[in-house]
Amino acid sequence: MIEVQDVHKTFGENKVLKGITAQLKAGQNNLIIGGSGSGKTTLLKCIVGLHEPTQGKIIYDGEDFTSMSFVERVPIRTQIGMLFQSSALFDSMTVQDNIIFPLNLFTKMPYAEKVDRANFCLERVNLAGKGALYPSELSGGMKKRVGIARAISMQPKYLFVDEPNSGLDPKTSILIDELIAEITQEYKTTTVVVTHDMNSVMGIGDHIIFLNDGQKWWEGTNKEIAHTDNPELNSFVFASKFMQAAREKL
Amino acid sequence: MLMRLSFKKPEKFSVYWNEVMHEMVSVGIGSLGIIAIISVFIGAAVTIQTAFQLINPLIPKSVVGSIARDSTILEFSPTISALVLAGRVGSSMASQIGTMRVTEQIDALEIMGVNSPGFLISPKVIAGVIMIPMLVIVSVLLGFTGGLIACSLSSEVSANDFLTGLSDGFNPVIVTVCLTKAAVFGFIITSICSFQGFYTSGGALEVGQSATRGGGYSCVMILFFDLVIARIFL
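Protein chains in written order, with my numbering: chain Z, 1078 to 1327; chain U, 565 to 798.
You can trust all of the hints, since none of them are fake.
Partial chain U-side listing against chain Z, Cβ under 8 Å, derived:
1. 575
2. 672
3. 674
4. 677
5. 678
Result set (DMTMM-like, lysine to aspartate or glutamate): computed pairs, CA atoms no more than 25 Å apart in a straight line:
6. 1122(Z) - 1141(Z)
7. 576(U) - 1174(Z)
8. 1300(Z) - 1259(Z)
9. 1102(Z) - 674(U)
10. 1265(Z) - 674(U)
11. 1185(Z) - 674(U)
12. 1095(Z) - 671(U)
13. 1092(Z) - 668(U)
Hints were generated in silico from the structure; no laboratory data involved. Cβ coordinates follow ideal geometry from the N, Cα and C atoms, glycine included.
This is chain U alone, in the form it adopts within the complex:
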């Protein structure tokens, strides 16, 4: 019902467009730092741990790169990034909309004749569905960079073996799975957190509770849909 209201025809397209751009910057550029840090470290850790388990004279060393690639693209980049973004972006959205609710700013929008779910929620959902896949692409690339750095700093697997492994036996379907997950997670985070914020009532305490609930429910749904998408595509 709220989603249906959110995607009604806007009162003025240009005003909504500005909001979408603003949210895209907030979600995308605003989250780039944290995504970069976790991606490099997770990429490095995955590579080291894979190498620890697979160093064997019978297994080519490039396999470490292949496994790190698939793990990063299929699971670590989309899912870990989404869980982090549920905390960073989702909670922020829920508390922003919740604060607008308890300070009567949403009432002010409705009095003016503005479709408040449309004005507040649809730009956030659009921004999430577009920007979170982009962040995940960045995360994948930085994850590989982290793996490469880890290989350069250790003696178990050479950087060349790692790079060879990245391209060996590459199946493009994993990119489809990765981007599908990212887009679905983007929708989950923004819609659940916006819903929680929009139906906040009370004061500062309830705004905090909405943000916590939004982040928590998003994480559970992300893990559930992670499984569903993996089952459907793989």
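Isolated chain Z, as found in the complex:
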């Protein structure tokens, strides 16, 4: 479990996060949703340590991540898998080398075992046999899946996903969502997904945190979100006529 305790983040005069407290539980898909500029990506970057919170704490299973040095964080970081919005695959490496990379750095596995692990991860994301390709030879959806394969190569305890559906067609988006949900169940990971895709929210949102103007405005499940009377959340979730019509039928 990850605990976010009163996290503030300020860039110059701009207060992006204004005291967010939340618990992100293991074995659940924890979705952070909100409009553009609401602070959801900043919160994710604070949780994974890419930004240091101006105030507040991030606790990973009882360990205060915010007070640790870079070196002290390494054991926790090796338990983190992350899928970036742009996939962030290393261009100069093949798909297989991308997946093997963290294994090379942090394990003493023999090479053959690393290759087996890479092949397993690729099979898991339905990309068996694509290990020799370079990222430039992959489609957007394939890059996301390789990103997931790399993220799970170290069997992570914590999985972070930033905008998994951006730039993908609806069918591929659903495939990626299903894959994230399956991996969460399979590895019992604490999964944190930043998204504004309503299909993801309704499909895999076990636990949803709605951010608005750098603050937590609502927290609940995908079943509860359809019946909320929070006006800001309603205007975000049911912004389209399609969603408004769908709500009336619920």
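Position chain U against the provided structure of chain Z, taking the given hints into account.
Just chain U now, with coordinates in the frame of chain Z:
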């Protein structure tokens, strides 16, 4: 600060070693062609121009070889090669690291627990400090070859006079100066360009600006340290 982070103890030596080897090939073998071309032509041009100024019955013709040798070893090979490499190698390093920054690849390294300055910058700096002196040695030899070819093709100075001049009054300190310059220039190019790339923010436009800045600042620093090293050693 960035340099201190770059030379922290690596997570795994073998992975870093592979990166150093990769960068050495990229900097050394990758730049050999351009260095060979400029060295031969500059060596030939220096010899012809020196001969033009010194052809006089009172001056032995072998002096042309001596002056071409000293000019090539002290100035043309290290400095011109470094200026060319700042454009070729330095800009490439800045844009490579800058692209990694804007496409979140550096964030991905940090999330994994990798010391990203160490992984990205130290292999480049090590490769620059080792390979640029080697390229300069090649450049010196090819510069002499260019001079020899120029002498063979002209009637002012014979190839024998040129070869005699190369060995006459040779002072080994010029080789020390040449290699010191090359190593310092290697450090300047790789560290400045890596710094510019590492702190890129934005998109493609900013990556281009970082590469341009890296190349430009490196050239200015190369010329400054050219003067400083010459003043210290000579």
